[in-house]
Amino acid sequence: MSIDTTTQAAATTARPRHGRRRRKELSEGAKAERRLGWLLCAPAVIVMIAVTAYPIGYAVYLSLERYDLRFPDAAKFVGFDNYAAVLSSPYWWHALWITLIITVISVVVELVLSMLLAILMHRTLFGRGTVRTTILIPYGIVTVVAAFSWQYAWTPDTGYLSAMFGNSAPLTHTFQAISIIILADVWKATPFMALLLMAGLALVPEDLQKAAKMDGATAWQRFVRVTLPLMKPAILVALLFRTLDAFRIFDNIFILTAGNNNTGSVSILGYDNLFTALNLGIGSAISILIFICVAIIAFLFIKGFGAAAPGSEAKR
Amino acid sequence: MATTARQKVGWGSANTVAVFLAIVPVLWIVSLSFKDPATVTDSTFWPKKWTWENYRGIFKTSEFTRALINSIGIALISTAIAVVLASMAAYAVARLSFPGKGLLIGMSLLIAMFPAISLVTPLFNIERALGLFDTWPALIIPYVAFGLPLGVYTLSAFFREIPWELEKAAKMDGATPFQAFTRVIAPLAAPGMFTTAILVFIFCWNDFLFAISLTSTTNARTVPAAIGFFTGSSQFTAPTGSICAAAVVITIPIILFVLFFQRRIVAGLTSGAVKG
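Protein chains in written order, with my numbering: chain Y, -3 to 312; chain W, 19 to 294.
Calculated from the structure, these hints are not laboratory results. Treat the numbers as computed from the prediction; the structure is a model and nothing was measured. Even for Gly, the Cβ is constructed at its ideal location relative to N, Cα and C. A couple of the hints might just be wrong.
Now the in silico label distances, taken between C-beta atoms and shown as ranges [to be verified]:
1) Leu94(W) x Gln217(Y): 50 to 60 Å
2) Phe77(W) x Ala165(Y): 26 to 36 Å
3) Met210(Y) x Gly124(W): 42 to 52 Å
4) Phe279(W) x Ala254(Y): 30 to 40 Å
5) Pro209(W) x Gly212(Y): 43 to 53 Å
6) Leu45(W) x Gly75(Y): 48 to 58 Å
7) Thr34(W) x Ala165(Y): 30 to 40 Å
8) Thr34(W) x Gly53(Y): 46 to 56 Å
9) Ser31(W) x Gly53(Y): 51 to 61 Å
10) Thr126(Y) x Phe77(W): 31 to 41 Å
11) Lys27(Y) x Gly124(W): 17 to 27 Å
12) Leu274(W) x Arg31(Y): 39 to 49 Å
If we strip away everything but chain Y, and leave its shape as in the complex, we get:
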């Protein structure tokens, strides 16, 4: 969902130049323009701050309190006790570990498959429209619906896949269940990533490919030496957003296993702490820790890989 947001920011490069020229020419108009700009952005900014920044601040405050919904009057400030409780709990580390495993495997598999799919859509000789339309179905379908489809497919006595594997019940075993969660995630997210990579492929000039071919480069060499480097920005952006998306995984797990048999992600843990344990303080501490993890991942991508830092116009 969010991947497309990135590079557009970079596309603003041409804008400021235009604006500067304008300001010099007519400073009267520039003032009005500035005011209009703020006016037009204000509603969006206010909504975004009100719905994200304020609640996150509030979550920080809640996370420092002992706050059990069953005993709301007993709420009191406890400092970092909630964090200590979460960080010393094996449940948190297990959930984090599961989440990281799911994230890394899904994203790697998705990257390979979506690259193949992108090449297919880019190069196939016929039926291009059909393929593009069909693969939009996994993108558009409600995650919960897709998760139910996978769940029933693997339910003994009901599912065709379970029947194929000797009426097994893989969703009741940790390892198999995690594989199915990854399968469901890959099925849903690969088409979207493939569309982004296809857009990147379209940027690789056909001439370069031909020149490399003339020089005797094999198909593989052309892919690794010509196509991949030119696609790097598109790949990094797709990777960044897919990684963050996978890290937030919730819907698939909730439907497939509900986090049973040690398959819960950090998001599932946070949800359970709020709605099953009714513990707002601990739930908020988990929320903040997840937020910090996401921030770290984003930071590593942008700094570590020198990813086309999304939103940073200056870099381009």
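Put chain W on the given structure of chain Y with help from the hints.
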């Protein structure tokens, strides 16, 4: 390029595999929804006996029909608000020069990456305090907030494609910047806004986490959340058929959207990546 028969077969089978993998899970849930309750556990891919019973069943209870109304209403309202607010901001980003533009873009990006679960706990408490919990606004508010970044980025990419000379011409003719926006640019921007609306709608339609956390009754519970909590008619019957029928009903509009607007959706999703 010379095409050999071998190449044709190769690409053809690759196409087939891709299409097959994409639609099998969808066909499976359709098939389950048409299975007779007595044969739902025969684990065949296609029903032996087709029946509409599951569909009749879900439309008999208000649990599903009410959820469907909630889903449609909440998604449409959220989409409308998000697209209007986002197009104002995107116009400013694409067109005007003002300090703080980078900040807006950075903020949108941050929100696009935001883990929804981090907001669920505080929003749950805030909405309970405000009396919004389990109402339509309870979901519309976060949907608008998360739809906005998507809208701002997609729309600002579309807005950059518009022939801006027309705006200048309108201003020459005495239109204020605001008039130039509503009279000249908005109609030209309509296709981009429509595409953005589809993407935001799909996002709202798909949401599950907010829907189960910020609602508790049929009052505002959307279909994904409702089917997540469907129960059978007695505790011994699994609601498989009902869940699948409900799932098919909410999948159909999306598949129709996708079939009709395939080009637009692809353009919307990739507009950024291409021009980056």
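We went through each hint and held it up to the structure:
no., hint, in the structure
1, Leu94(W) x Gln217(Y): 50 to 60 Å, "holds, 51 Å"
2, Phe77(W) x Ala165(Y): 26 to 36 Å, "holds, 32 Å"
3, Met210(Y) x Gly124(W): 42 to 52 Å, "holds, 44 Å"
4, Phe279(W) x Ala254(Y): 30 to 40 Å, "holds, 35 Å"
5, Pro209(W) x Gly212(Y): 43 to 53 Å, "holds, 46 Å"
6, Leu45(W) x Gly75(Y): 48 to 58 Å, "holds, 55 Å"
7, Thr34(W) x Ala165(Y): 30 to 40 Å, "holds, 31 Å"
8, Thr34(W) x Gly53(Y): 46 to 56 Å, "holds, 53 Å"
9, Ser31(W) x Gly53(Y): 51 to 61 Å, "holds, 55 Å"
10, Thr126(Y) x Phe77(W): 31 to 41 Å, "holds, 33 Å"
11, Lys27(Y) x Gly124(W): 17 to 27 Å, "holds, 24 Å"
12, Leu274(W) x Arg31(Y): 39 to 49 Å, "holds, 43 Å"
The structure shown violates none of the earlier numbered hints.
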